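Quick note on numbering: the sequence shown equals residues 42 to 184 in this note's numbering.
Check each hint, because a few of them may be wrong.
Distance ranges between label pairs, derived from CB positions [stated by the list, open to error]:
1. Val142 / His86: 35 to 43 Å
2. Leu110 / Glu81: 23 to 31 Å
3. Lys127 / Val79: 47 to 55 Å
4. Gly73 / Val161: 24 to 32 Å
5. Thr46 / Leu110: 20 to 28 Å
Keep in mind that the hints were calculated from the coordinates and are not lab data. Predicted model only: the values in this text are computed from it and were never measured. C-beta atoms are modelled at their ideal positions from N, C-alpha and C, and glycine is treated no differently.
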Amino acid sequence: MKSSTFLRIASVITLLYFAGHTSGAPWTPGVGSEELPVLEAMKSHSFDVLGSTRSYWNLYVGFGIAISLFLLMQGVVLWQLGSLAKTDGLRIRPIIASFTVAFLVNTLVTWEYFFVVPAVMSAAISICLALAFIAAGRSKVTQ
42 MKSSTFLRIA SVITLLYFAG HTSGAPWTPG VGSEELPVLE AMKSHSFDVL
92 GSTRSYWNLY VGFGIAISLF LLMQGVVLWQ LGSLAKTDGL RIRPIIASFT
142 VAFLVNTLVT WEYFFVVPAV MSAAISICLA LAFIAAGRSK VTQ
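Using the sequences and the accompanying hints, generate a full structural model.
See the structure below:
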């Protein structure tokens, strides 16, 4: 397969990852009798963060939104790289390598701290990106 195909597949999986992550907002595993006190404590305890008063809940939700936005942006950029790979595959290899490393680290983090679905999605993206990197090495640079 061509590098552009692997990048497009990685893009689609990343956009699905974005959709799954975003649909889980506010990212709480449950609201049973054991979880409610934890959530209430996160919401009620506020503290100063560089001149702004925030709670752990603010940080939790804010990071969740930020992750969704970064996943969306990554999916779009991977799609755009798929277009560039058709003509400049060799030149975009460093960018593909950067994304590959980032998703490999994401795979380890999600496996350790979250659950299997995002870990498998991140691993699939990593594999697609590694294959895109290899395929891009066989590309000719157009002048």
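Q | Beta-carbon spacing of Val142 to His86 - inside the hinted bounds 35 to 43 Å or not | A | Since Val142 and His86 have Cβ atoms about 36 Å apart, the given range 35 to 43 Å holds.
Q) Is the hinted range of 20 to 28 Å satisfied by the C-beta distance from Thr46 to Leu110? A) With Cβ atoms ~26 Å apart, the hint holds.
Q: Could you check the hint for me, namely that Gly73 and Val161 are 24 to 32 Å apart, CB to CB?
A: holds, 26 Å
Q: Given the hint of 23 to 31 Å, check if Leu110 and Glu81 actually sit that far apart at their C-beta atoms.
A: holds, 27 Å
Q. So the hint says 47 to 55 Å: do the beta-carbon atoms of Lys127 and Val79 match that?
A. holds, 50 Å
The structure meets every hint from the earlier list without exception.
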